[in-house]
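> Below are the chains, spelled out letter by letter.
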Amino acid sequence: MVIRIAKKEWKEQLREKRFLAAGLLMVLLFGAALISSKAYYEKEQDLRITAQQGIEENWFNQRDKNPHGAAHYGIYLFKPESRLALIDRGVNRYAGTAFFVEGHVRNEAQFRKIEDETGLVRFGELTPAYILIYLMPLFIILIGFNSFTKEREGGTWRMLQSHDVPLRKVLLGKWAGVTFTTFMLFIPLYILMGLIIYSVSGFGEFSLVHYLILGSIYALYYLIFINLTLIVSWFSKHSGAAFITLLALWIVATLVVPKLFVSAAQYINPLPDTNSVAEMYSEARAGGIDGHAPSSARELEREVMEEHGVDSLEDLPFNFAGYRLQVGEEYDTKAYNYVFAHIHSVISEQDALIRKGSLLSPFLPVRNLSMGLAYTDVDNHWDFSEAVELYRQDFVRYLNEDLMYSSRTGETYLAGSDVWAAKPNFGYELPGMDEVLKAQSGNLFLLFGWVGLSFLGLLTIKSKSEES
Amino acid sequence: MISKIIHLEWRNLTSNRWLQISFLLLGGLILLATLNRSYHHDKYLIKADEVRQTQSVEFQNFVADHDSVTAGLKEINNQRINPIFPFSLEVRLTPQAVFEPTGLAVLAVGQSDIHAGIFPVRTFSDPINKASVFYNPSTDLLGSFDFAFVLVFLIPLVVIAFSYNILSEERENGTLQMVMSQPVSLMRVLVLKLLFRFLILFAALLVILLLSMLLAGVSVTGNIAGIAILSVFTSLYLLFWFGVSLLVNLFGKSSSFNITALLGVWVFFVLVIPTLLHVMVENAYEVPPRSEALVEMRNAEEEAMSLDRDEILDRYFMDHPEFIEAAEGSSADEQWRELYEFYKWFYVVRQNIAEAVSPIVDDYYGRLAEQQEFAGRISAFSPAVVLKEAMNSLAGTSPAHYNHFHASTEQFRLEWMGTIRDKMLREQFVAIDDLDTLPQFSYSPADVNNGFARAGMALSFHLLAACGLIVLFRKRAGL
Amino acid sequence: MIEARNLTKIYGDLTAVRELNLEIKEGEVYCLLGPNGAGKTTTVNLFMGFVAPSDGKVFINGMDVSQNARETKRVLSYIPENLALYPNLTGLENLEFFAGLSNGQLADSDLKKLLNEAGLQQSAFDQRVSGYSKGMRQKVGIAIALAKDSKALILDEPTSGLDPQASNEFARLLGILSEKGVAILMTTHDLFRARETGTRIGIMRDGVLRREFNAGDVKHDELEQVYLEQVLHNLEEA
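Protein chains in written order, with the numbering used here: chain A, 2 to 469; chain B, 13 to 491; chain C, 2 to 239.
Careful, some of the hints might be misleading.
Claimed, not checked - Now the in silico label distances, taken between C-beta atoms and shown as ranges:
| hint | chain 1 | residue 1 | chain 2 | residue 2 | range |
| --- | --- | --- | --- | --- | --- |
| 1 | A | N276 | B | N28 | 48 to 56 Å |
| 2 | A | Y429 | B | G229 | 30 to 38 Å |
| 3 | A | D419 | B | D445 | 47 to 55 Å |
Just so you know, the hints here were simulated from the structure itself, not pulled from any lab data.
Quick reminder that beta carbons are idealized off the backbone N, C-alpha and C, glycines included.
So that you can see chain A by itself, here it is in the shape it has in the complex:
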């Protein structure tokens, strides 16, 4: 009987021009999103590879110079986009793409794509995730908002009641009908997208399990909206009222709550501005971290000479200039780590506050999970940033040590192309799926909570039913 009702629901939906038009629009938009997203991804990947090559050439072809000069010249590292960014570009447009790796300074990523954009992008970006997270719930609302109200308005509710059909089965049938339609649209699109991503050559492996987990997250999200839609349809007197209520819920979940919580986060945990960061850095460097200031050059000289049992710097087995630079560098690094840890903690606090909005909006955990699994969230940005920082330390140490061991104190030393060629290589691998899932466990929990809650909500329909 449940299947009979589901089939009837589905048949009705299929014959409603509105739903057909909306479904077609979804397919077309999704196609457009896939095509443009793929083109953007490939262009962007190309651009970064070209830029990285240009920078490497700069580096290898630089003139002979003091290694420390080379450390100042530095190199840039461009962050590759993960293959899954094709689905969800997440914060990629809003985060910098290029990291300047140089001596003394840890830099925040530059060249944020958003700085070169028109205002249009603030309305949203046409990506598959935009369709799947923002528009798909609207489609669900459209096909389900009058599930119950249309029966009441058309009088068929009475007809149903005059038959031997328990409400539970009607509900289940309607639920199955809406769910079936939703997934008839979602699953083929998702498979198509999978094939395209699989065919794209890109950064990061394509793991079927990973892809399926991401798909299940969207699927669970849709179940929440299907349940909410049916609940609202049951409790509404008219189709119009049901639709307005559902749309209001959608707006609150996808637009109002996120923006309100962003505003709150920016108000409660403001990011430090450039000046206060600079101050914090100077303080940290002047001994604010572990209570003692770095040794002065004099002291350092004395310590080193004592250690090596020599009377003059020239007698040291290495170039004192390189040694001093490295000691200074390590101290700078410590100060920078301190400052960046602070900034990171402010960002984490902001994000944690925004995550609290998930209690009011099932959209937020899904937004986060989608970005997280596509490697396009803030965590991933920081993960890459930390990898770059570790590399920066290697890179500068390499140059300082070259200065130390290729020359003696007081000598003029110019390093050449062999030194440039042998610089440490930067490698970065995306964290594994288990790590991502672990980091996202809070969001997963919230998502499951919403799914559970929405099913509980469906149960309330049963208890209220007997009256009418």
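Let chain A serve as the given structure and place chains B and C on it in line with the hints.
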């Protein structure tokens, strides 16, 4: 008849609990949005003030030092900060580029959450790196809350929610035939009803806007022109949505059809069109990546540095013999000369790099401006985009404003560099009078094309199109 | 068989149905007459189990409706004044759906036979119901009743708004059903129709069953006179 309709509508309004709640809710949201913006805006203004104050203190110190040094009262060993040596200007009087939104900045965030508003400009600043700030990309992605958001996204929904069944309700209640059997034009009744609703909504918006401006401490009289423009645009936008509601009602379908159709229109204009336009803009006007300029800059730097110092200078003087003469008349002694020699080289190298990179940088800013111009033109497809961009323009935080700001900053950097470079090449000392002729960074939002005329035209066009369709379908609907 | 014992329904201050005792046997067509607000529709709703009685009991086929809501619906069919069907499904699909809710899957040919029997023209079978007239919808309703193999059929003002020809046709269909031994309860305003189709006639006012006749025992004029008396009485009180 008018008074009767007004009376009826007023009764509806005062008895509709949902309407009142949503009005209150939206009022609260607008208040919250404006106060939130004003909090960040005030913080920014305070910071800008601090920067200006620090600058003026530094300037006074500089003048005092300069006086003491020229009077022989003080000796400074580090010539790089000696006020009579031109390089000290870079270090001690570093100019600050300060972005200025308009007085209505509390209305719209625009791009102000993305860009740093205040940063130092030095000869050796990067021409393409738009000032380093620390950012949280996830807050930027979700966007913050402002009046523009409420007006552009939410208000149309209020219009739709309370007018979607203006005709279909009468049909469904069976009162339609009663109205039609009276000696009045149904069309006139509907239009009057909608106009009344429009006036109420508009008045409510205006009151809440003025109230929140007062609470935020924004001058109303000082921004009266902006408020007037905003009022006109808001009216056009609201009327457009009322018009669409009426139009959909004329199709003669059920209320349930009307509401889904209207929200389809909303989704189309507010969510779908903007993203499609964005794809179009991105593909039609490719902005050269800044990484290109970066690679070129580093190449030029290496090239310039790999040459012999004398050779670089010789080459430069070949094209600019006037500097040789000027330097011969310099009063600098041998010790200074040596320092000047170094900085001559330094600035000529900077000059060479700037020349190598400037085509790319100019191209970058030019293409960005073209892209923004193009986006402005095709935005006309969606009244929502038009209004949002117009509000950003009113607030002075539009992409065009920031583009102009950054381009001016780069232009100023070149000017500043030129001034100090010339001084170095002429081996001149800094005279106290020179301080008055130093290039000053200036930026005013008024210099940016605000696009109001075009926005007004686009909004009017949409309204007229809706009206035209109403007239067309009115005949079909037989009203 | 349809039976009401001491059936009472009270809404707040209003007693919609008071101590109704009624028994309709197999093959009987009982026409319930009465002015608006007499309690006819409430009676129907009580028989259908749409509302629970304040007092008394309703039996369908010997089963207490309030105790066996689902079982009774298996043998009970319902045709309201405006028989509602799913507008986007065809007549055949509607029949298949509703018949299937009680009886499981029926063969396509059987369903068509039922529609034929109910008098729906062949060409309409595969048209969407949104284009059906009221009479056509009611034929589908009859077909549903036939498909269910109902023991009882309850109709709420089924003939109002039908043209005379359609009414006639409808009466003929009811005749077929009653011949099959279905107990039929029908509310109506149409005195003529009541006398023509009904085997028994009851007149209700203010929730009370005032008079009962055997259809064969009463002349049309007589019926009209009694009915008007009841209505006028009602008007005077109002």
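> Next, verify each hint and record whether it holds.
Structure-based check of each hint:
{"no.": "1", "hint": "N276/A to N28/B: 48 to 56 Å", "in the structure": "holds, 52 Å"}
{"no.": "2", "hint": "Y429/A to G229/B: 30 to 38 Å", "in the structure": "violated, 48 Å"}
{"no.": "3", "hint": "D419/A to D445/B: 47 to 55 Å", "in the structure": "holds, 54 Å"}
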